[in-house]
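K.L.:
Those protein sequence lines, which keep their order, are chains D and E. Per the numbering used here, the first sequence runs over residues 4 to 107. Per the numbering used here, the second sequence runs over residues 214 to 659.
Treat the hints as calculated values from the structure; they're not laboratory data. If you're wondering where the values come from, they're calculated on a predicted model, not measured in any experiment. Beta carbons: idealized from backbone N, C-alpha and C, even for Gly. Treat the hints with care, since some could be wrong.
What the hints assert, rightly or not - Which chain D residues face chain E? A few, computed with CB under 8 Å, are given here: (1) A8; (2) D12; (3) R75.
What the hints assert, rightly or not - Covered stretches of chain D (chain E as the covering partner; in silico rule of three or more C-beta atoms under 8 Å from a C-beta of chain E): (4) 20-33; (5) 97-104.
As the list claims (entries may be wrong) - Beyond 12 Å from chain E on every Cβ pair, some chain D residues (computed): (6) G14; (7) E42; (8) L43; (9) D44; (10) L52; (11) R54; (12) P70; (13) V87; (14) A89; (15) L92; (16) A93.
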Amino acid sequence: MRRIALYLDEGRLARLRGTPFEGFVRPMFGGGLYVLVLELDDALGELVLRRFPSARVDARGFVEDLPASFRRVLFEELVARGEVEAAVLAALERASEEEEVPPP
Amino acid sequence: MIEPHGGRLVYNVLEGDAARSYWELSTRLEIKPTLGPDGAPIRNPYREIMSIAYGFFSPLEGFMPWNEVESVLRERRLLSGWLFPFPVVFDVSEEELKSSGAKPGDDLLLTLKGRPFAVLKVEEVYKLPDRRELADAVFGTPGRNGEVVKKRFDEKHPGWLIYRSLKPLAIAGKVVIVNPPRFRELYSRFWLPPAESRKLIEARGWRVVVAHQTRNVPHVGHEVFMKRALFVAGGDRPGDAVLVNAVIGAKRLGDFVDEAILEGHEALALGGYFARGRHVVSFVLWDMRYGNPLESILHGIIRQNMGATHHMFGRDHANVGDFFDPYAVHLLWRRGLPSYGIDGPPHEVDRGLRIRPVLLGEFAYCPKCGEWTYLGGPGEGPLCGHEVERVSGSLLWGVLLEGLRPPSVVMRPEVYDVVVKWWRVYGHPFVSVKYLRAKEEALEVL
Chain D
4 MRRIALYLDE
14 GRLARLRGTP
24 FEGFVRPMFG
34 GGLYVLVLEL
44 DDALGELVLR
54 RFPSARVDAR
64 GFVEDLPASF
74 RRVLFEELVA
84 RGEVEAAVLA
94 ALERASEEEE
104 VPPP
Chain E
214 MIEPHGGRLV
224 YNVLEGDAAR
234 SYWELSTRLE
244 IKPTLGPDGA
254 PIRNPYREIM
264 SIAYGFFSPL
274 EGFMPWNEVE
284 SVLRERRLLS
294 GWLFPFPVVF
304 DVSEEELKSS
314 GAKPGDDLLL
324 TLKGRPFAVL
334 KVEEVYKLPD
344 RRELADAVFG
354 TPGRNGEVVK
364 KRFDEKHPGW
374 LIYRSLKPLA
384 IAGKVVIVNP
394 PRFRELYSRF
404 WLPPAESRKL
414 IEARGWRVVV
424 AHQTRNVPHV
434 GHEVFMKRAL
444 FVAGGDRPGD
454 AVLVNAVIGA
464 KRLGDFVDEA
474 ILEGHEALAL
484 GGYFARGRHV
494 VSFVLWDMRY
504 GNPLESILHG
514 IIRQNMGATH
524 HMFGRDHANV
534 GDFFDPYAVH
544 LLWRRGLPSY
554 GIDGPPHEVD
564 RGLRIRPVLL
574 GEFAYCPKCG
584 EWTYLGGPGE
594 GPLCGHEVER
604 VSGSLLWGVL
614 LEGLRPPSVV
624 MRPEVYDVVV
634 KWWRVYGHPF
644 VSVKYLRAKE
654 EALEVL
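Looking at chain D on its own, in the form it has when it is part of the complex (with noise of 0.2 Å):
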């Protein structure tokens, strides 16, 4: 099992409500940010792991250094498509290893 953290704010919260995700948000830090846990099977985990070299596992079982675009797609794939295999798979197509991430 793999899993994956995605950060949220209040903006990303309220894009949320309504899916099967919603249930699974945490508050973190005295609800100034909120974290969705995504569990992946092995193969998908391994799938994401092979996909990005920079990525790695942390000892909780957590991919981490993913690139920024993976991230960002991987949120708007979940909102699309209320599932997570899809969105993962989704965001592994459209995503990069970008050198150059837009400022907020």
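Got chain D sorted already, so can you dock chain E onto it with the hints?
P.N.:
Just chain E, lined up with the frame of chain D:
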């Protein structure tokens, strides 16, 4: 004022006619970086020359001869007997040695970016042993140093890789800077070599100065750590000031950029989270060896030479990966590490350090208490009984890359603004391939 390590502050910097007389030497060599397996620079010896000549590494005066390297590897001591954790060597290829014409007794002019920089007074030229074995001898092995080394070092460890990648020959001798380079803007603002930091400490009448090692933009946990350490060091009153000293050198992908680290710490004082004058930001040039307990000795030496009376050490100090025990530094400063030849705490052994350690465990945010709390270190329990939330590098990485503003209990808004400022400059909040290329080409000096 605390005395420098070894009793005398090294200052091997010449200016004026005395310096210029060396500029025309025909025995000369351009300083080149150490390259990793992919050809990327992982160390630049110019940083070591700066730190030696300006006295950060006192009493070290130059690059070590072979018998001093052996002494350091055997018992982490210089030939003079003073504690020192790492071999510091000027490595060259056979071609470089031949083209320079350097031999014992010569003054070798070292150039940087084609310009005169420093003179190496050649005492010895020697062949380095197998560098893989040298790297193992520097950092240890689980078999020899099982008290703190948990896994065999390999190319994934950036410090081990530096020694592994050295060229086959070494030139030993005292170094003297004969053309002090000017720092680029921003670095020039934070350049506080030991002679200057001592003057500052003396002028302000500070008696308790606690050093903070950093290679990160500060989150609130770092700030809490610094403030708690001030109280611990001060005893019945808080200490006078925190001396933040960033290690500036070769970077790794995913690190925070140097500029954001320095200005991020500065933002804590500018934002009033530390009263002005109680928080000084500075840097030292050094390509981190990530030697954890060994690195903590070097950090103690550097900051003692800068005039700090105490040094804070937390979990995973100067650590990377899981090669060392997360609390190896505490073990060293509590009872020594005999397997490295250090039979007692570095500040209690003969010819050891005078700076005193402040050993603290982890801090984390407790949502129920609504504040940062102490989780404890080895043998200590947590301060509160609630479930807490840690601020890890991975968490900040995720939050920032997803374009979110960290909550103010995690990162001060003024610090976040600094991160975004440099994000706009470099196109990424963390060190990218583009940043690495630019940094090692330009260096910190003009």
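K.L.:
Looking back at the hints listed earlier, which ones does the structure fail to meet?
P.N.:
6, 12
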